[in-house]
Amino acid sequence: MTLMPRNRANHPLPYAPGYKSSIPRSPKLALVSGAPTATEQTGPVFGHELIGKLDNNLILNFTGEPAIGERIIVHGRVLDETGRGVAGALVEVWQANAGGRYRHKKDGYLAPLDPNFGGCGRTLTGADGSYEFLTIRPGAYPWPNGVNDWRPMHIHFSVFGQSFGQRLITQMYFEGDPLIARCPIVNTIPDKAAIDRLVAPLDMGRALPHDCLAYKFDIVIRGNRQTMFENRMEGL
Amino acid sequence: MVQQLGYLPESASQTAGPYVHIGCTPNFVGIHGIYAEDLGATPFPEDAPGQRITLTGVVRDGLGKTLNDVMVEFWQADAQGRYGPGAQGFARRASNFETGEWELKTIKPGAVAGMAPHIGVWVVARGINIGLQTRLYFEGDDHSKDPLLTRLEHQNRRDTLIARDTGNGTYRFDICLQGDGETVFLDM
Ligand SMILES: [Fe+2]
Chain W
482 MTLMPRNRAN HPLPYAPGYK SSIPRSPKLA LVSGAPTATE QTGPVFGHEL
532 IGKLDNNLIL NFTGEPAIGE RIIVHGRVLD ETGRGVAGAL VEVWQANAGG
582 RYRHKKDGYL APLDPNFGGC GRTLTGADGS YEFLTIRPGA YPWPNGVNDW
632 RPMHIHFSVF GQSFGQRLIT QMYFEGDPLI ARCPIVNTIP DKAAIDRLVA
682 PLDMGRALPH DCLAYKFDIV IRGNRQTMFE NRMEGL
Chain G
40 MVQQLGYLPE SASQTAGPYV HIGCTPNFVG IHGIYAEDLG ATPFPEDAPG
90 QRITLTGVVR DGLGKTLNDV MVEFWQADAQ GRYGPGAQGF ARRASNFETG
140 EWELKTIKPG AVAGMAPHIG VWVVARGINI GLQTRLYFEG DDHSKDPLLT
190 RLEHQNRRDT LIARDTGNGT YRFDICLQGD GETVFLDM
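Residue numbers (our numbering), protein chains in the order written: chain W, 482 to 717; chain G, 40 to 227.
Since the hints were made in silico from the structure, they are not lab data.
Keep in mind that this is a model prediction, so the values were computed, not measured.
Worth double-checking, as some hints may not be accurate.
Quick list of in silico lysine-lysine cross-link-like pairs, BS3-like style, CA-CA up to 30 Å [to be verified]: (1) W:K534 with W:K586; (2) W:K673 with W:K509; (3) W:K501 with W:K586; (4) G:K184 with G:K144; (5) W:K534 with W:K501; (6) W:K509 with G:K104; (7) G:K104 with W:K586; (8) W:K673 with W:K586; (9) G:K184 with G:K147; (10) W:K673 with W:K501; (11) G:K104 with G:K144; (12) G:K104 with W:K501; (13) G:K144 with W:K586; (14) W:K587 with W:K501; (15) W:K587 with G:K144; (16) W:K534 with W:K697; (17) W:K509 with G:K184; (18) G:K104 with W:K587.
Coverage of chain G stretches by chain W, computed from C-beta distances (three or more under 8 Å per stretch; other residues unrestricted) [unchecked claim]: (19) 40 to 51; (20) 59 to 70; (21) 121 to 134; (22) 149 to 163; (23) 171 to 181; (24) 209 to 218.
Think of the CB as a built atom: it goes at the ideal place given N, C-alpha and C, for glycine as much as any other residue.
Whenever a hint applies, use it, and build me the whole structure from the sequences.
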């Protein structure tokens with residue numbers, strides 16, 4: 482398998498002055514391009530023994546007592562650019578609680594901590610690339626950037642594919658949230674269609690009556706192509 | 040009209056933000072009891088063959104300020120130059136909240152497929168909109184045939200990819216995101 486080149490047009494600009502933190506933290510010089518080598522092509526493979534029973538249940542995984550908030554299922558598939566589901570991909574998530582507060586010493590927002598909400602979860606995708614989390618809908622929260630900037634409701638996602646060169650961290654947004662279009666972090670992405678692909682639709686087909694709503698979020702990582710000519714013998 | 044190629048566009052990256060630790064190294068920020076240990080805490084089992092080394096470093100921004108909220112990931116071959124098996128060779132570190140330092144105890148990787156010994160490095164943080172890919176090579180190794188180092192257009196930037204030997208199996212690798220001494224970042 483060979484990694485396909487990354488199409489940077491699908492991504493945010495590294496230097497995006499609307500998001501002030503990016504100003505001193507973005508490289509000014511060009512990236513050095515090259516064909517992927519074994520270092521980028523291979524990557525860590527995580528086994529099922531890593532994953533605990535409640536790791537993908539953010540409602541219960543902190544204390545065993547339920548977290549406060551709107552119960553939701555977040556599910557989808559990890560695919561690569563060729564359209565194949567990526568099996569055994571490690572997906573890690575983190576989020577604020579229902580009031581928009583993170584369990585982190587650097588978060589001093591007014592909203593209270595929920596004693597039963599830790600804020601992280603992880604899972605490995607199934608054979609078809611599918612994954613599922615049970616969590617609560619995170620609250621929107623204010624953040625220091627402009628005078629009155631608010632993050633839309635979002636869940637942070639970290640994804641490992643089969644190759645270290647496929648590493649991706651992104652965020653999932655929720656259909657219908659009016660804060661999405663106003664968010665300076667969202668707007669680091671110049672392509673409107675690429676923003677839309679980070680917005681998860683409500684999925685009543687997966688909602689559980691009298692229990693929880695569901696949102697569907699597919700994640701596409703860099704393509705790994707496979708052709709019969711890929712592993713040809715030297716000189717052929 | 041022609042047939043559709045049917046490729047899917049890669050999902051857009053978004054910054055890991057200031058709270059990346061909650062998801063990636065929860066025990067490091069005091070969220071205990073969900074995962075027994077943080078992912079990538081130890082890249083190799085204790086009995087893995089090879090030379091023990093300690094890597095340290097910081098990440099600095101364009102104004103020379105040390106980042107204290109960065110997460111760095113490492114992917115390396117074993118002492119024989121083989122990747123894997125499993126997650127062996129993978130490590131993850133959060134920088135210290137006060138000093139910005141990270142430290143990784145690992146083994147020195149062997150050479151892989153004509154390349155000088157090196158470690159793949161991936162850097163994310165608040166303000167970094169798409170993860171930055173770079174490499175850590177080792178001072179003292181023969182780099183004269185390494186395909187990446189030899190073809191850098193700006194050879195004066197090559198040292199940004201080489202960890203300084205600070206004696207007794209310790210190496211120093213500071214990353215500069217922008218400005219004077221900007222680290223070479225890769226698109227590979
Ligand atoms: Fe966030």
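Hint check:
1. For the hint pairing W:K534 with W:K586, the CA-to-CA distance comes to about 27 Å; that is within 30 Å, so the pair holds.
2. Of the supplied pair hints, the one linking W:K673 and W:K509 holds, its CA atoms being roughly 24 Å apart against a limit of 30 Å.
3. Restraint check: the Cα-Cα separation between W:K501 and W:K586 comes to about 22 Å, which is no more than 30 Å; the hinted pair holds.
4. At roughly 27 Å between alpha-carbon atoms, G:K184 and G:K144 fall within 30 Å of each other, so this suggested pair holds.
5. In summary, the hint linking W:K534 to W:K501 is not supported, as the alpha carbons are separated by about 40 Å, beyond the 30 Å threshold.
6. Restraint check for W:K509 and G:K104: the C-alpha separation of about 16 Å stays at or below 30 Å, so the hint holds.
7. A C-alpha spacing of about 21 Å is found between G:K104 and W:K586, which places the hinted pair at or below 30 Å, so the restraint holds.
8. Taking the CA atoms of W:K673 and W:K586, the gap is about 34 Å. The hint is violated against a cut of 30 Å.
9. With a C-alpha separation of about 19 Å, the suggested pair G:K184 and G:K147 falls inside the 30 Å cut-off, and the hint holds.
10. For the proposed pair W:K673 and W:K501, the alpha carbon gap of about 21 Å is at most 30 Å, so the pair holds.
11. With a C-alpha separation of about 25 Å, the suggested pair G:K104 and G:K144 falls inside the 30 Å cut-off, and the hint holds.
12. Among the hinted pairs, G:K104 with W:K501 is consistent with the structure: their alpha-carbon atoms are about 15 Å apart, no more than 30 Å.
13. For the proposed pair G:K144 and W:K586, the alpha carbon gap of about 27 Å is at most 30 Å, so the pair holds.
14. For a cut-off of 30 Å, the pair hint linking W:K587 to W:K501 stands: about 18 Å separates their Cα positions.
15. The suggested pairing of W:K587 with G:K144 holds, with an alpha-carbon distance near 27 Å, which does not exceed 30 Å.
16. Restraint check for W:K534 and W:K697: the C-alpha separation of about 22 Å stays at or below 30 Å, so the hint holds.
17. Simply put, W:K509 and G:K184 have alpha-carbon atoms about 28 Å apart, close enough for the 30 Å limit, and the pair holds.
18. Among the hinted pairs, G:K104 with W:K587 is consistent with the structure: their alpha-carbon atoms are about 18 Å apart, no more than 30 Å.
19. Chain W is given as covering the region 40 to 51 of chain G, and this holds because 7 residues of the stretch bring a CB closer than 8 Å to a CB of that chain, at least three being needed.
20. Judged by the Cβ-Cβ criterion of 8 Å, the region 59 to 70 of chain G is covered by chain W as claimed, because 9 of its residues qualify and three suffice.
21. Under a criterion of three residues with beta carbons nearer than 8 Å to beta carbons of chain W, the stated coverage of the region 121 to 134 of chain G is upheld, 8 such residues being counted.
22. Counting residues of the region 149 to 163 of chain G whose CB lies closer than 8 Å to any CB of chain W gives 7, so the stated coverage by that chain holds, three being the minimum.
23. Proximity of the region 171 to 181 of chain G to chain W, defined as three or more residues with a beta carbon under 8 Å from a beta carbon of that chain, is established by the 3 residues found.
24. Beta-carbon proximity to chain W at under 8 Å applies to 3 residues in the region 209 to 218 of chain G; the threshold of 3 is reached and the given coverage holds.
Consistency with the previously given hints fails for numbers 5, 8, ordered from lowest to highest.
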